[in-house]
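Chain order of the listed sequences is C and P. Numbering-wise, the first sequence is residues 133 to 243 according to my numbering. Numbering-wise, the second sequence is residues 37 to 149 according to my numbering.
The set of hints was computed from the structure by calculation and includes no laboratory data. Since no wrong hints were added, every one of them can be taken at face value.
Think about it this way: if two alpha-carbon atoms lie no more than 16 Å apart in a straight line, the pair counts; the simulated EDC-like pairs of lysine to aspartate or glutamate are:
no., chain 1, residue 1, chain 2, residue 2
1, P, K80, C, D137
2, P, K90, P, E104
3, P, K87, P, D133
4, P, K77, C, E141
5, C, K189, C, E209
6, P, K77, C, D137
Since the model is a prediction, treat every value here as computed from it, not as a measurement.
What follows is the residue order along each chain.
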Amino acid sequence: GQNIDQPTEMTATEGAIVQINCTYQTSGFNGLFWYQQHAGEAPTFLSYNVLDGLEEKGRFSSFLSRSKGYSYLLLKELQMKDSASYLCAVGFAGNNRKLIWGLGTSLAVNP
Amino acid sequence: EAGVTQFPSHSVIEKGQTVTLRCDPISGHDNLYWYRRVMGKEIKFLLHFVKESKQDESGMPNNRFLAERTGGTYSTLKVQPAELEDSGVYFCASSLDTSYEQYFGPGTRLTVT
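Please model the entire structure based on the sequences and the hints provided.
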């Protein structure tokens, strides 16, 4: 079966750092996506990891360990606008482009 | 560049009625996807078009759902007849052939009463 787990909710303080974890067990794997979704809006792409290691993009970084079925999204210098749901999704290879999603982590950034 | 657009943004219909959702992908994106999120559950894949062809429709719940993409541009998703469990947010996404990044529309919130 397909299983993707991430924490339901997290809270953090403005200016701090937060790490959102995601573990997955899927039949097939080609890469791990992170999307951000503000309430009532479209999910927006944050990152895509195919190889093991850390990918940094501004205040956001994403890490992948394929052997452990584990990823995390690291958000630095948190801002109030970072309050949103963060969705972890697994992608597959070749012509199979569907994404399998976790439930999402609702992050609240407090002043 | 215009993003993915979906119409309508909200739809409230009664059980047994028919509803058609529309998605306009980003111009030039051959890949088009439909997803659905039922309240309290994860986003679930419905199907994937490459141009006008159905590449993968393994996520379609049953034969009350019909997706089309005539001409390989916009797509429609028809639910007929609608049931209570069809309520949820229906997302459309599109992507280039050369990229795995999917761009999402704002979704259509469907409520079946």
